[in-house]
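Enquirer: Got chain A sorted already, so can you dock chain B onto it with the hints?
Letter by letter, the chains look like this.
Number of protein chains: 2
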Amino acid sequence: MAPVRPICSFLSTLRSFRNGKNISYPSGSFARNRSTSSHSRERAWWPWNPTRNFFVIPAVFILAGATFSLPRSREVHAESPQEPGKRLIRLEEVHKHGRDAENVWVIKGDGVYDITDWIPNHPGGEVILRAAGGCIDAYWKIFAIHQKQDVYDILEQYKIGVVDPRDLIDGEVPHDHVDDPFSSDPERDSRLIVHSKRPCNAETPAAEMEDFITPNKIFYVRNHLWVPRHGEDAAKDYQLTIETYDGEEKKYTLQDLQEKFPEYTISAVLQCSGNRRAHMSANARTANGIQWNVGAIGNAEWTGVRLRDILADVGFPVGKALDTEARHVQFSGSEAYGASIPITKAADQYGDVILAYKMNGNPLPPDHGYPLRVIVPGHVAARSVKWVNKITLSDEESTSQWQRRDYKCFGPNQGPNPDWDSAPSIQEMPVQSALTSLKYISAHSSQSQRKWLQAYGLEEDSVLLSGYAFSGGGREIVRVDISADDGRSWQQAELLPSDAKGSRAWSWKRWRCILPNSQVGKVFVIKAVDEAYNTQPDGYEAHFNFRGNLTSGWMRVENKPVKEVSE
Amino acid sequence: MAPVRPICSFLSTLRSFRNGKNISYPSGSFARNRSTSSHSRERAWWPWNPTRNFFVIPAVFILAGATFSLPRSREVHAESPQEPGKRLIRLEEVHKHGRDAENVWVIKGDGVYDITDWIPNHPGGEVILRAAGGCIDAYWKIFAIHQKQDVYDILEQYKIGVVDPRDLIDGEVPHDHVDDPFSSDPERDSRLIVHSKRPCNAETPAAEMEDFITPNKIFYVRNHLWVPRHGEDAAKDYQLTIETYDGEEKKYTLQDLQEKFPEYTISAVLQCSGNRRAHMSANARTANGIQWNVGAIGNAEWTGVRLRDILADVGFPVGKALDTEARHVQFSGSEAYGASIPITKAADQYGDVILAYKMNGNPLPPDHGYPLRVIVPGHVAARSVKWVNKITLSDEESTSQWQRRDYKCFGPNQGPNPDWDSAPSIQEMPVQSALTSLKYISAHSSQSQRKWLQAYGLEEDSVLLSGYAFSGGGREIVRVDISADDGRSWQQAELLPSDAKGSRAWSWKRWRCILPNSQVGKVFVIKAVDEAYNTQPDGYEAHFNFRGNLTSGWMRVENKPVKEVSE
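Residue numbers (full-length UniProt numbering), protein chains in the order written: chain A, 1 to 567; chain B, 1 to 567.
The following block holds chain A by itself, in its conformation from the complex (with noise of 0.2 Å):
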């Protein structure tokens, strides 16, 4: 049974934030400055609750030095018929107080802890509610933000007693209680750079980025959670919510998708805003974040179904977008990531956001979104949502942490604590280009090797350079300056022929260019130049953003292998 606990009234707000009543806020909330509608406030607790007056913390993973703390108007009420913490409790009995229950308990070392208040207020919004009846150990140990005393203290707080010793083996609650959310998580290849593995970060080695497309098994991995379970069966059980502007629901399964809407095809690049980050860091201060060097980022064909079409087949007026109320579409993964795109990609004819179901003609791989996520081409791969269940048609942009904190820039001045609402979410993305292979070739080298020089008509020991180049907004890029004497001259690289697909120039173009060893000094310089003539930056100071997010500035490389200079 159920202790009885009086926070009857703490109870019926969180019941008011899970039926997405209207309620009202403390002072000094985050969402009501960006839109004040109740639609909007009521959308704005899940998964993460930006409302409440508290230190919030930017990035689970990354960010050290955010704190918890507690609303500024409530009061902790921990009572209970014996004194808090010294009552003994079944596991059985914990496992009643599961997510759906009245009362949320979760389990820390022994400890039992009846979190229902804090569910609301929680930075990591409902993943705290995958822990809801078990232990919450095994998240602390992944989100390793917890692991600070004002987080232990926190949690204190809400005590209400320790596991039964009847129930523990060795002291300790039996690990087969322990949910481990990475078990999901797919093997992957080993030519992967592993940043980070739980949840996994693994860039695309230089040496497998000389083709167009980027074969599936060595595209990018970048997760900010786990994987959530999907079995073989998912694309047969997978249902997708569509939610109007107005509140209504409408549900697809992928079958759906598939049988009423035309099949599209795009090739298109995913580039994470941390691509080049470790440039950032090693040519001006360090920036927060997954140092990533020039391989998060790849090229696929995406294969699925137009979102504007599943908005038209909702009733959304498409062709007059901005003649109604939603401003924006936000996207929910089934793992707990959330992100939105403007109403006007969204609906534009020529946006291409598409709902794919694979990805370079096979089924989405599991950490590409099997059995469907979001592509929007040209935009931050942080909008295109993985394992997509959930799409939404509001005022507001999403309330996550990754739409309004994560994913934008501020001047070299700013941080860390920026005013968040004063930079825009990053959608389209800058110009870029990257060096991905530097190879020597002399009359001592292979055939295959020794072909370029045939083919650029040389007859001295020569340098072989290639790599890729690409700008966001569909913004074709119209020339690569490469400068083998670090940036006194230029001269233009070949850019090759490519198969790309769609409305606009998604894809990224790669290049070539060789230069005989007589003319090469120490240092190669590269840079891009896109279709509005928009360019990369000289340097790096001065665009340097604390979160080092959309690094582009010139990658100068030394004329030295580039296995050498990219690990």
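There could be a bad hint or two in this list.
Remember, identical chains collapse to one label, so a pair may be satisfied in a single copy or spanning two.
30 Å max Cα-Cα, derived DSBU-like pairs, lysine-lysine [said to hold, decoys possible]:
(1) Lys-148 <-> Lys-260
(2) Lys-251 <-> Lys-451
(3) Lys-320 <-> Lys-390
(4) Lys-217 <-> Lys-560
(5) Lys-358 <-> Lys-251
(6) Lys-320 <-> Lys-250
(7) Lys-148 <-> Lys-251
(8) Lys-320 <-> Lys-251
(9) Lys-96 <-> Lys-86
(10) Lys-260 <-> Lys-96
(11) Lys-217 <-> Lys-86
(12) Lys-390 <-> Lys-141
(13) Lys-439 <-> Lys-320
(14) Lys-141 <-> Lys-96
(15) Lys-451 <-> Lys-148
It should be emphasised that the hints constitute simulated quantities derived from the structure, not laboratory data.
Expert: Quick look at chain B alone, frame taken from chain A:
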């Protein structure tokens, strides 16, 4: 009577050009590389025929060093009953050989020339017909490119006689036969900084650029030719021709447009691609063209009708533009200018391309396109064709030099005779910013200036900087970074609120920054960031292009009144 000359085959060739029939071309053609359809060829001769094998003059006013040469496959026939060049011809006779005559004659000095055969090869296109039946001297004075021996030699081959001495006064053709194409040019505001008078190129002084809306009188003027004759009845008599992809024509009076289509107002920047060219010349190398400072840009409210609505009215499927063969929309101005934009921009529901008849609430001034001009917001102003009288749907770009030559950017190592086709025509513009005002404020300043100290809570003597920032493609400016120490440290300028109109961010952002004198060094630096997080390049040399287009390096300003640096 017209003399009988055995040039029938050339005449039939010319007529074929004029009637748009398909004829064969010599090798080495230019348009053919871009489009081989008979459809495009039929249109390619006007206003400038690029399908001939001669050197092309990139900018009639600007580029020195270009040369005329005859088409390879041609011979000059200059036979007449008398010895060529000796025949005496009365002025009355010359006047009969105007633009509509079978044989077109012109006078140069006292020589008479039958240029019928030359017209289709004239790099300046049909403009040459303005001199038909009269004297060409005034035009050659205007278009200084003609004042070269090569050009005289070409003309000499077409000589058929001299003006009868009975019609000469003091040995010259009377001046009343010289038609000045600039006679319709209006008076201009004396505040404009004039770079050239004929054609008029004049920029807005920085001191007059303080407001979100640039007043009509001081809006920069960038004319490629003259201001066409449009009397006060022009609006009544005006007729716009739309040529569909199938070659059908539909005509609209201005009244038709206003009655048939909803009126639409946007606020939008027009910026010449040469804006800030003087900064490129000063910081890298001298770039070809008018040495504009920061004033070849302005922001106005434009009222008119949507091009998209008109295209729909002539039967073009605007919702499925890419399903058609049309790829470009070509605009022709009544003075001879021509340019085009991609069909996707014209058909975009949020592209906001309009045919404007009002500028800031008043009828368009003559210099800005009265009675009708195109406004292509977010694109370089060279595509917002003034005095538009014809719009053509085509599978290729406008064949004008302003589309295929002048308005392109090449690498810092390229020029002055690059592979013109290797770079795309400038359409959308990159991110840009400039300082337009620098004021020193102390206790001795006027009350209106001292109010800034109060507004920002400053008690020391200070410096107030302000200016504009803008990006193409409707990408909003999200940040302006200011350095008061030559780029070593940065802070953010205040972005001023404005009443921008339109589907996207077509207007500039005005910005302001006030700094205590004690915190400023010798050099200020200004740079901006747009919503795609594109930034401006730090320097100039690596972004140099010989045409000096789209100069967008960081603006550096010495710490002294802007008047001294901007003039």
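Enquirer: A separate judgement is required for each hint: does it hold in the structure or not?
Expert: Hint by hint, here is what the structure shows:
1. Lys-148 <-> Lys-260: neither (51 Å within a copy, 68 Å between copies)
2. Lys-251 <-> Lys-451: neither (56 Å within a copy, 59 Å between copies)
3. Lys-320 <-> Lys-390: The answer is both: 23 Å in one copy and 29 Å across copies each meet 30 Å.
4. Lys-217 <-> Lys-560: within (28 Å within a copy, 59 Å between copies)
5. Lys-358 <-> Lys-251: Within one copy only: 21 Å inside, 49 Å across.
6. Lys-320 <-> Lys-250: both (21 Å within a copy, 27 Å between copies)
7. Lys-148 <-> Lys-251: Answer is neither: 42 Å inside a copy and 75 Å across each miss the 30 Å cutoff.
8. Lys-320 <-> Lys-251: Intra 23 Å, inter 28 Å, cutoff 30 Å: intra and inter.
9. Lys-96 <-> Lys-86: Within one copy only: 20 Å inside, 115 Å across.
10. Lys-260 <-> Lys-96: Classified as neither; 42 Å inside a copy, 69 Å across copies.
11. Lys-217 <-> Lys-86: neither (52 Å within a copy, 83 Å between copies)
12. Lys-390 <-> Lys-141: Within. Shortest intra-copy distance 29 Å satisfies the 30 Å Cα cut-off; inter-copy 69 Å does not.
13. Lys-439 <-> Lys-320: neither (52 Å within a copy, 46 Å between copies)
14. Lys-141 <-> Lys-96: This pair counts as within: shortest intra-copy Cα distance 24 Å, inter-copy 95 Å.
15. Lys-451 <-> Lys-148: neither (59 Å within a copy, 49 Å between copies)
In the structure shown, a violation is registered for the earlier hints numbered 1, 2, 7, 10, 11, 13, 15, in ascending order.
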